[in-house]
Each structure stands twice: as C-alpha cells, then as structure tokens.
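Start from chain A and add chain B according to the hints.
Listed here are the chains, written in short residue letters.
2 protein chains.
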Amino acid sequence: MITIALDAMGGDHAPRAEVEGAVLAARELDVRILLVGIEETIKQELGRHAHRGLPLQIVGAADVVSMSDSPSHAFRRKKDSSLHVAARLVRDGQASALVSAGNTGAVMTVARFVIGMLSSVDRPALAWAFPNMKDKVSVILDVGANVDSKPEHLEQFAVMGEIYYRAIWGTKRPRVGLLSIGEEETKGNELTRETAARLRQSSLLFVGNVEGRDMFRGNVDVIVCDGFIGNIALKLSEGLAEHIGGMLKKAIKGSIASQLGYALSRRAFNEFRKRTDYSEYGGAPLLGVRGITVIGHGRSNPNAIKNAIRVAAELCRSGINEKIEQELYASTVAARG
Amino acid sequence: MITIALDAMGGDHAPRAEVEGAVLAARELDVRILLVGIEETIKQELGRHAHRGLPLQIVGAADVVSMSDSPSHAFRRKKDSSLHVAARLVRDGQASALVSAGNTGAVMTVARFVIGMLSSVDRPALAWAFPNMKDKVSVILDVGANVDSKPEHLEQFAVMGEIYYRAIWGTKRPRVGLLSIGEEETKGNELTRETAARLRQSSLLFVGNVEGRDMFRGNVDVIVCDGFIGNIALKLSEGLAEHIGGMLKKAIKGSIASQLGYALSRRAFNEFRKRTDYSEYGGAPLLGVRGITVIGHGRSNPNAIKNAIRVAAELCRSGINEKIEQELYASTVAARG
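Chains as they are written, first to last, in the numbering used here: chain A, 232 to 568; chain B, 232 to 568.
One or more of the hints may lead you astray.
If chains are identical, the list can't say which one is meant, so a pair holds when it fits in one copy or spans any two.
Unchecked claim - BS3-like mimics (lysine-lysine), calculated; alpha carbons at most 25 angstroms apart, straight line: (1) Lys554 x Lys381; (2) Lys310 x Lys418; (3) Lys365 x Lys466; (4) Lys365 x Lys484; (5) Lys381 x Lys418; (6) Lys484 x Lys367; (7) Lys466 x Lys367; (8) Lys481 x Lys365; (9) Lys309 x Lys418; (10) Lys367 x Lys481; (11) Lys480 x Lys381; (12) Lys367 x Lys480; (13) Lys418 x Lys554; (14) Lys403 x Lys367.
Hints are computed from structural coordinates only; laboratory data are not their basis.
Next comes chain A alone, as it looks inside the complex (with noise of 0.2 angstroms):
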C-alpha cells in the first residue's frame, strides 16, 4: 500500500478539509495516509469522522507555514512545520508521496531542497492540468516553479511532462506544444525559437506553436513555456473564469424573468460549476524531484484533497521518476552522440 504524507495544516481551510479529505481518501483509494501537524487539532478534526479502521496516522508537528511566509523564510525558519516534517518523512523513505494545499513557494523550495532533485533534472516544473474544448485534459508546464528558463530546461519541462500525461492520462503518444505567438517557426521569441529546434530534434511528438487562444482547443496534450508565462497564464485563466462568472450572475439578477430562468436551468448551471471546478482534477504535482509532490489549491475542498492524494497514488505507481531518469539520461546520451 503506498504512503502519503499530507501536510495536514496547508491550505485556507486547513486542517478541516485536509482531514475529511484524508478520510475520504482512505475510504475510497488503496493508499494509506500519514497526518502531518498540530496532533490535537487533527484528532479534534478526526473525531468528527467515522476513522476507525482507516489507515490513517497523526504525525506530530510544532509548527505551521503561513501563507504570508516567503519561501526562503519556511525552509530556513520554519523546519518543525507540518511541511518540513512531511518533507522528510519522503526524503527518509516512510512516505512515497508529499501532499500539501498549502504557500506554494513555500512547498516548491521545502521539496526541492529537503527531499532533493532527481539527478538527471535541472529544474523542477510545476505541471497544472484543465479541461479542453474536448472534454479531454491539457497539462501546462511550468506555472511557476522557475522563471527565466532557458531552452535545455523547457526541453527538459517537456520530457517529463510527457510522461506524466502518459502516466496519469494513458495516452501512448501525448502530443506535446510550446506556448507562444503565432504558429509558424520563425514567430515567438529568442526562448522560444531555440526551444522548438530542440523539440523537433527530440523524439518527442512536437506539434509545434501553440498561441494563447488555442490552449483550451485541445489540439495538443502538454504545452510547455518558462514558468513566468505559465504562472500568469494560469492566475489569469483562474481570474477571468471568476470575472465572467460574476458577470454572468450580475445579469441573471436583472430581471424576475430571468431569476425564474435561472432556477429552470440550474442543474445546467451547475453541470457547468462541476466541469470548470479545479478541485476535480486534483492539484499540480511538482515534476522532477525525488519522491512524488503535489501541490493543491490554496482553497482547497475536501474533494480536492483527496484528488490531489489520488494523482499522488496513481503518479507514485507508474514509476515516473524512475521514467523521467531513463528518457532523460537517454535523451542527454543521443545529444553527446
């Protein structure tokens, strides 16, 4: 059975949600799960559940990462945190798998440096993975673990992003773009020319350009782009979705006709909520470190948490570090000729 750490005290609604979400998790997945904080707060949480039975285990932790804390503060200041603690319950090997809702820097650089790179990767990718237009899923690499990448480490972005769509999607050959603007080769920037004359080298199924309007057509599987464009791509995808939403709310109020409208039509309304609902796909695991992490939202629901425990279960059992150091090394030892 595969061992998660979860950083129980993460998240805008810690530990509650991370709680009935272990619980829930433990109930319907084969995976046990390791608690990780404050020890009375849990057992309260835990004692509004039906546990027994589960495997569920309270590790003790002191102390808790805000959200306010900047990453360099949390790994340096803060190392009794339920964070630092689920950290080293994987690097020491008692854990496969580190979940946390909570700062996301804070996260990143906890698991980069207490649980450590895989040997073949330069940079770690925070991957986020949103329905397309047809109903299938797309994953977008990096969304902010680095900024000003250059074209070896986007290559790199793109190897493991490949196999963690494989891994988790079962597609046998994802195909794979870079994000930029315009679909010819010669558009796009300095960063983005070099990145795609590595990719039609490599053996990866490059489809090439992919431009900002077509990222939800879902023409393509992995979109790979430097960390800066990709962390604003997914706050802003994140913000306008709220803004049209509010909107579109704002407008059924108008009117009685249209309040009685909206009544008729909730359930398609809330069909709608439930596809454009990130806690469905289950967090953004952070690719390319030893030991499997995954990072959920910071607003985190219960069912949001067990998805993210889920995608850590499923990405702990198709080997993907162990494929990533493979093709990596594969694909470093074909460059040398």
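For chain B alone, kept in the frame of chain A given last:
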C-alpha cells in the same frame, strides 16, 4: 473636421463591415472618412446604404493584403495595397489616422515603416482595452508589437499607455501596474524587476506588480508587459471566454427545463454578451507611431469599425502624440540629471 483613412479591404468581413461601419461613423461622429480599396467593390457596397451628403470619399487601391501574408511580404511586395495607400495618406498629411481590421502584423509593420516612429520612442506598442470587474476599462500593452523587450522599452510603454488612458477615459492620474507573478517587489523575472525599479523612479502613479488573476479586478488602469506575454494574455482571454461560453451552451442544451430557463434568461444573456463584446471597445491603437493607427479585430463587425474610427478620432483630438513626445523627452532629460 478630422480625416480618417480606413483600410476598407482589411478584416474578415471586408469590405462589407468596413463600409457599413464607415457610414455609421460618418453619420454619428464628426469625421470625414477616406475609404481605401478596390474602387468598384467599395462603390457597390456603398450603394447599399443611404450615404448622400455624408463626408465619405473613395480612394482607389489596386491590391489587398491577405490574412496569410507575412508582415515583411505585405510591407515589401504589396505597395499598391489598400493598407499601403491608407498609410501613405497619413504620412503625407491627407489623413490624421489609419484604421484597419486587417492582418495585425502587416498593419504594425506598414504603420511603423511607412508612417514612421515618433522621435522619442524606440518601439511602438499595441494597447488593448477591456472591461474589468469594476465596470470600468483597463488597458494592457504591449499585446504583440514587440518581443524580448528591455526595461527601457517597458518604461516607454508605461508612459504611452498612461497618456492613452487619460486621453480616452479622462482619468487624471491613471494607476500603472506591471504584469508579473507576485505582488512582492522581489518577485518576477529579470525584466520585471529592473522595470519596476525604473517605474518607481518615474513620475507615473506606479502601483507595483499585478498578478494574472488581478488583471480583471480593476485595481489598476494601465498594465505594462512585454509583447510576447501580452499577446498570449490577450489570445488566452479570447480563447477562454469562447471556451466558457461553449461549455455553458452545451450544459443548457442538456434538458428541456434548462432550455426554457435559457429562453427566460435571454435578456440577461444578451446583456452579458454585450458586456463581453470586444466591438464596443473600438480596436487597439498602435502607440508610438507618427499619426494615429488603430487596429481592429479581424472579425470586426460594422459596430466595431465605427468604434475603431471613434477611438482614432478621439486620439487625434487629444493630441496624444505631442504629449508622448513631450513626456518622454522630459523623462529622458530628467534621467540624464
């Protein structure tokens, strides 16, 4: 009366949408319009409207730039195109502004090299106005004129964008922000950190970094970024809005009750659509070019063309280019001590 040179052959629905938009503008606004393009075709389209006595004039051009022409091909090989002829009318002082809904890359290149740049500006910037959550408008620039910008370029974009915002929306001290990946000063990449340092020293009302998710919040009037990221942000917003609309439609078609509900809510949906309709916002000015250039969306309908002409006329009246020359000259002198 201000004279506008309209590229009547640009845009997906040209010349029909262009001619109808020009007729609307000539009726409603205090402008004279030169309809540039294939004479016979434009005459025919004009015949569909009551236009006697309106300040409209046809200027013949033998060739047309297509959406698939590369910017350099359009610039070098299509000198008899409606785009070139319209640009020369501005260069030679026979019109004050160029309006085109054609091939964006071609319009930018022809405007830049045929009309020429303002002497104090290194690179032109394309500015996109969009409705924000506060029912106001925010502007983002550059959305595609330049890639691999340097900090001094972004600083010039900030000055030009701020003057544009004052000219069209009348705000005395528009708030200027920098698109980045965190609100803290230390966040971002090399480019944004150096640019932020410059903007803090400037006389602009600089409010700091703006994250992707805050782009639509309306806490900032002018958002500055490199053209690579700005173009992706623009295209991504268009693509996502379309994606969300599509999902909503699909959800609504799912049941009779929700279809009935939709019928009752139709006014609300129409209101919603109007608020997200780019055609109300009148095209994107290419700032930094001598004379005024406004680029419409390829899919421009007559209303969008009319609004692009309105924005072009307002920019002419505001004396935006004189202000840009003065303020950039002043800031250069200040920088030299």
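Let me make sure I understand: some of the numbered hints might not hold for this structure. Which ones are they, in numerical order?
11 and 13
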